[in-house]
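**Q** Here is what each chain is made of, one letter per residue.
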Amino acid sequence: MSYLELLKLASTEAVVVVTALVVLAIGLTTRREATGVTVATAQGDQNVGGSSSARTNAICSFIAALGLAIAIGTALMLPRKATLFSGMLVITPLTSLFKIICMALAFFAVLLTKSEKSLRHPGEYLAILLLATVGLMLLVSSEELLMIFIGLELLGLSLYVMVAFDKTDVRSAEAGLKYFLFGSTSSAFTLFGISLIYGMSGITSLAAISEKLATVSVQPLLAVGIVMTLIGFAFKIAAAPFHLWAPDAYQGAPIPSAAFIASGSKVASFVVLGKIVLVGFAPLHGDAAWHAMVAGWSPVLAALAALSILVGNFVALAQSNLRRLLAYSAVAHAGYTLIGLVAGDREGFSAALFYTTTYAITLVGAFGVVALVRRETAGDDFSNFSGLISRSPMLAGCMSIFMLSLAGIPPLAGFFGKFYLFSVALRADAGHGLLWLVAVALFGSLISLYYYLIVLKVIFVDEPSLAIASSPDHLSPDLLQRIAVAVLAAVVLFLGLMPDALAAGLLAAMP
Amino acid sequence: MPPFLFWLFASLMLVFGAAVVLNRNPVASALSLVVSFLGLAALFMSLDAYFVGIIQVLVYAGAVMVLFLFIIMLLNLRAEEGRRINWLAATGGIVVALILVIQIFSVIGHFQAARQTFPSLERSTTDDVWNIGALLFSNYNLPFQIVGVLVLVATIGVVLLSKREPR
Amino acid sequence: MITLGDYLIVSGILFAIGFAGVMLRRNLIIILMSLELMLNAANLSLVAFSRFRVSPAGLPNYNAQVFVFFIITVAAAEVAVGLAILVALFRARQTTDVKDISELKF
Amino acid sequence: MSSILPWILLLAPLCSAACITLFALRWKALSSFISIMAVLLSFICSCLVFARADISAPQFGWIDVAGALKVPFGLTQDQLSKMMLVLVSGVGAVIHIYSLGYMRDDEGKSRYFGALSLFMFAMLGIVVANNFVMLFMFWELVGFTSYVLIGHWFYRDAAAAAAKKAFITTRIGDFGFMIGILMLWMATGSIVFAEITPRMSMLTSHPTFLTVVALLIFCGAVGKSAQFPLHVWLPDAMEGPTPISALIHAATMVAAGVYMLVRVAFVIQTSQTALLVIAWIGTITAVLAALIATQQNDIKRILAYSTLSQLGYMVMAVGLASNDASMFHLFTHAFFKALLFLAAGSVIVMLHHEQNIWKMGGLSQKLPITFVTFVAGALALIGCPPFSGFFSKDAILALAYQRNVPIFAVGLFTAFLTAFYVIRLLVIVFFGKPRSEVARESRESPAVMTGPLIVLALLATLGGFAFFARRFLALPIEKEVAVFVPAVAIVALILGSGLAIVLYRNRASEPLDLQLLRHKFYFDEFYRWLIYWTQELLAGVFAFFDRWIIDAGAVSGSGRGTLGIGALLRLIQIGNLQAYLFLFGLGIVALIYFAVFH
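Chains as they are written, first to last, in the working numbering: chain A, 1 to 511; chain B, 1 to 167; chain C, 1 to 106; chain D, 1 to 598.
The hints are simulated quantities; they were obtained by calculation from the structure and are not laboratory data. Don't take every hint at face value.
As the list claims (entries may be wrong) - Mimicking DMTMM-like on lysine to aspartate or glutamate, the simulated pairs with C-alpha atoms at most 25 Å apart in a straight line are:
1. K359/D x D513/D
2. K457/A x D524/D
3. K457/A x D513/D
4. K28/D x E107/D
5. K366/D x D105/D
6. K109/D x D500/A
7. K70/D x E195/D
8. K28/D x D106/D
9. K70/D x D345/A
10. K212/A x D345/A
11. K359/D x E444/D
12. K165/D x E437/D
13. K70/D x D381/A
14. K457/A x D157/D
15. K165/D x D78/D
16. K165/D x E463/A
17. K109/D x D462/A
18. K433/D x E525/D
19. K165/D x D462/A
20. K165/D x D513/D
21. K457/A x E525/D
22. K81/A x D169/A
23. K433/D x D324/D
24. K81/A x E211/A
25. K366/D x D298/D
26. K163/B x E376/A
27. K366/D x E510/D
28. K366/D x E437/D
29. K359/D x E195/D
30. K366/D x E444/D
31. K457/A x D106/D
32. K457/A x D381/A
33. K366/D x E354/D
34. K433/D x E444/D
Starting from the given sequences, assemble the full structure and let the hints guide the process.
**A** Here is the structure:
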């Protein structure tokens, strides 16, 4: 394997890494000027520092966005099929598709960053964001446990830093700490699980593991290994009971970080989780049917799914902060998505991926709205959203599209995603064994309707509170960000009307 | 390695591991951690993994422990005095950990291969640096480079997070 | 003679001790140390398996040892980031006790 | 013969809605103009489609996930849907024109017309859908737009609450509907009506499955057509503007449920048990609503309950396996109910939004046209020959008499009650002396409002005659019993009317006081109680769980003070990391137990 060939196949990752380095360099050099000025004029330091950092932010965001666009271009030119180092880097249509999706999500996170004023070091922040994207792409495209672990860690470390990044807000460090502790504990479990799986099979490549396991009789030790491995992913997708970090991280983190955790990290985790269970552990599927449970990973995932749906939806009912609400709804949505994996086979996997992709798009959009509202009103409680319709009909409209899509109202993407998911789950098992899970999910989404409607009520019906109405910088149009939110809303609508565009592509890309 | 040495190092590691958790004083915990890892390194050696054993000593005793001690000094932490132990929480945690141990025990008990001894090696593995190095630069080239990216992220993160910012 | 199971049990106990530390201790630095214990428990079982699965050439399975090598690196990076977050938090709150870190809540 | 007319009639309201929301929100007159043109276009196309014997619309593949799930986007063009098209677009057009007058000075007129167009689009979509997914999509869109329309005056708490209630209640039914669709798809592998029909024979060996599917699909209709026990949203929906009440209650939203049942009759009629349940639900709704209506004082609510009751009749007919009778009643009901609502709206507007019937009185002189048309509608509603309602209700009663006598008896009693409360309404509102200042000073509505009334009055009068109705739909065939049933029905009618006239002539206040009926059998209270307690219970359980675990980690005393806010939070101590980690560990242990030792 020559380095040149490696570079060719990993060109996308390479481009993103190089972009990250460039952005980092720009961030470091421009800030030095700014500090020089700050020392010179003690009085005007806030202003000068602020505008300089805003300029740095603009330049860095532009370069980061450009780099991502180039990387998407290179991803389009990847060969159709290639495997490196016995599965450490696999290129298939599916991995290329998800690399592009991950980069697109990162692209929107970069756009969100542009208007984030509280970030003092935009260069470093964007560099880490881009490196986290590299982690996503590695996760998506590897079928080997060591590589998956390193991808998880790269992503995890970047996200810990991104969550704790905002030093002007104490809550950010607290959220970062919680996220870090949960993340590293669960990755320790994953690691222990991987070591057991390695011990049973003597190998770390998923395809080879699957071959090995098909011949060996199932040992309890292996089952423990599988459960422990799954825990790391259950953490990443915020499935109950491993979700406890999510509300705090969503609320305390800078908004682009939260959006990135909710979207990119989740999508990539679902891709790799699906690969692990459906490729690696395929022989140990088990059966999650209510009356005839057979041990394996699918009853485990089914239990996680049911618990997530119930806990997420019920606790979301009691929230009064939009970001926490989104976090709990994220828990519930992770539960819905798991149903696709429980159903197994390629159709179930593609339904899960369709759902998680549309969900990620929706959530990035919702966080975009939250970011804009937060900029105007300095908060993200419900009260900050009251009467949004009168302040910005466009944002209110987009937000209602996102909320209704999350609630699963046709003709938005969320509806078709749910329909696809549930129908696949029902067909997966001839004896309707998964009916119980689908029933739980339907019940959960019935409950969820209530709190999504509360958000809409706040936006459309409630009177704006006085403090917000008289906020001074209430007219600060960030055109780019508004356009981004509108584009995302249009995508959600489009994917609801023409789900084929993505769903058929996904199914065709399935191995 | 004779069995008694295995049990000696294993119990050394476990006892000092427990000491890490039980000590009130962070400095004592950090030192216990090092002793525990020395025991672990000895176990690695007993498994003919000399390179990993040495790395373990170098990285943990040399780097990680220093980092811990440095932070403890920097933040000027003292033992948690005056803090009462919350027995309810403590019992809960211990019970969960015990259940975990019991689960692992019973699962390993069901594992047939666990009752076998280790097969003998063809030759001594004192030269395993060469073997591991060769693997690192061939099969594990990609993860090796990615770990470089990971360390870069950690560096940026640590510098930014621990820096004191002007208000 | 010492069997594979002995190593696995020792590793399992070390893992559980580490996890107990994570759950029980309120001091964040000690929680981080406990995390290290958990990661090293995984290392121990990996090395034991590596020695157990002798390759056709009569040598240990070095793949697992490379894995351990990576884990040690990653663990060091992780602990550094953890400590940095801790320092940032300490600067803001003057505490390393998890009980005092609960501004974000319901 | 392939034609794009069906597509035009479907898409015209959508284009109108899009134009209004995108460009014309500022210009009220323009948006109302666009909206009315669109609905008229739809109506004309519907008529043209109706006039052609065989017509088919080009069909598109919509969703096709590698053969796993195939959803075409096609339009059904059979007798049933054509009739509904004419009916929906016709009634819709009348209501659009009437809205011009009713909403003349409304602030949100553009929004109103935009939503109205979207509603028309959704409703027409339900009518022409040729598969379950399309049907469900438009079904939900109807639900959503009705939410917007009912909540049009969203600054009124009652309106916002009513809108939410309508949306959520119908969604409860929709979930059953969705499961039913999924189960049917699972069993037959298709979601297109025409493809499922021949495959139904595969399922006859699983009667329980069929019953469950049929009842789940019926759930959708229970929600949308406001059948017992999900009927509570409909009377509250009266908080919307009156034209919306007319639209929702006459030919569209509530009729959608009945239409859907008829459309999927090939599923429902395979299960006798399901049919029986449906018939009884319909019957119960009919009698319950009629009983409640006798004690209401709000003119629109009385009409709302009468709608419920009539819907009960239709569902009863579906349950008695007669689509024709059901559709016939839907057809006549569309005219007379739209008429009654619009006439009531005319009264309400002229009395400056007074809706309490005890504040009216003697209006027959003040609003002569409204009065005459209202009487026509009322007579049709109570089934007085020769008005339209007589024929259709008679058909249903005759059917019930043949197939299920207990249902017939209850139906007859409902007819008696109907006559009673309708005549009560007439007597109180239009006769006697004016009982308030506004009633004394009222005068007739403008022509833009009375015009539609007259048109509808003619239809309500003539709609039941065979020579007219037969052009639109297949009439149920009358059997020999035809003499007995109308005879008793007329007796019930006369008894009911007579009782009402005796009781309410020249009264100034309610002589009867039936708390149970006045409080609508306490359904709202019961549901509120139920929701409250489930919510409280669940929230309580979760809160308890969280607090208990988290408090457990925090009862120990606190040493150093940290932040000001922290001191307050320490009292509650939620968000405690240690407790989180403990839960985390508990989860892991439980999961391992579940996977390995279970």
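**Q** Are the hints correct? Go through all of them and say.
**A** The hints, checked one at a time:
1. K359/D x D513/D: 18 Å, holds
2. K457/A x D524/D: 22 Å, holds
3. K457/A x D513/D: Violated: K457/A and D513/D sit about 38 Å apart, past 25 Å.
4. K28/D x E107/D: Holds, at about 9 Å.
5. K366/D x D105/D: Holds: K366/D and D105/D sit about 23 Å apart, inside 25 Å.
6. K109/D x D500/A: 37 Å, violated
7. K70/D x E195/D: 12 Å, holds
8. K28/D x D106/D: 9 Å, holds
9. K70/D x D345/A: 19 Å, holds
10. K212/A x D345/A: Measuring from Cα to Cα gives roughly 20 Å; hence the hint holds.
11. K359/D x E444/D: Judged against 25 Å, a Cα distance of about 17 Å means the pair holds.
12. K165/D x E437/D: 34 Å, violated
13. K70/D x D381/A: It is violated: about 42 Å lies between the C-alpha atoms, which goes past 25 Å.
14. K457/A x D157/D: This hinted pair holds, its Cα atoms lying about 11 Å apart.
15. K165/D x D78/D: Answer violated: K165/D to D78/D is near 35 Å, above 25 Å.
16. K165/D x E463/A: Holds, at about 21 Å.
17. K109/D x D462/A: Satisfied, since the Cα-Cα distance of roughly 20 Å is no more than 25 Å.
18. K433/D x E525/D: Violated, at roughly 36 Å.
19. K165/D x D462/A: The hint holds at about 17 Å.
20. K165/D x D513/D: Outside the cut-off at roughly 28 Å; violated.
21. K457/A x E525/D: 23 Å, holds
22. K81/A x D169/A: Distance ~46 Å between K81/A and D169/A Cα, so the pair is violated.
23. K433/D x D324/D: 44 Å, violated
24. K81/A x E211/A: Holds, at roughly 21 Å.
25. K366/D x D298/D: Distance of about 20 Å is within 25 Å: holds.
26. K163/B x E376/A: Distance of about 29 Å is beyond 25 Å: violated.
27. K366/D x E510/D: 23 Å, holds
28. K366/D x E437/D: 13 Å, holds
29. K359/D x E195/D: At roughly 56 Å apart (the allowed maximum being 25 Å), E195/D and K359/D break the hint.
30. K366/D x E444/D: Holds, at roughly 6 Å.
31. K457/A x D106/D: 21 Å, holds
32. K457/A x D381/A: 14 Å, holds
33. K366/D x E354/D: 15 Å, holds
34. K433/D x E444/D: With a Cα-Cα distance of about 17 Å, the restraint between K433/D and E444/D holds, given a limit of 25 Å.
In this structure, the hints that do not hold are numbers 3, 6, 12, 13, 15, 18, 20, 22, 23, 26 and 29, in rising order.
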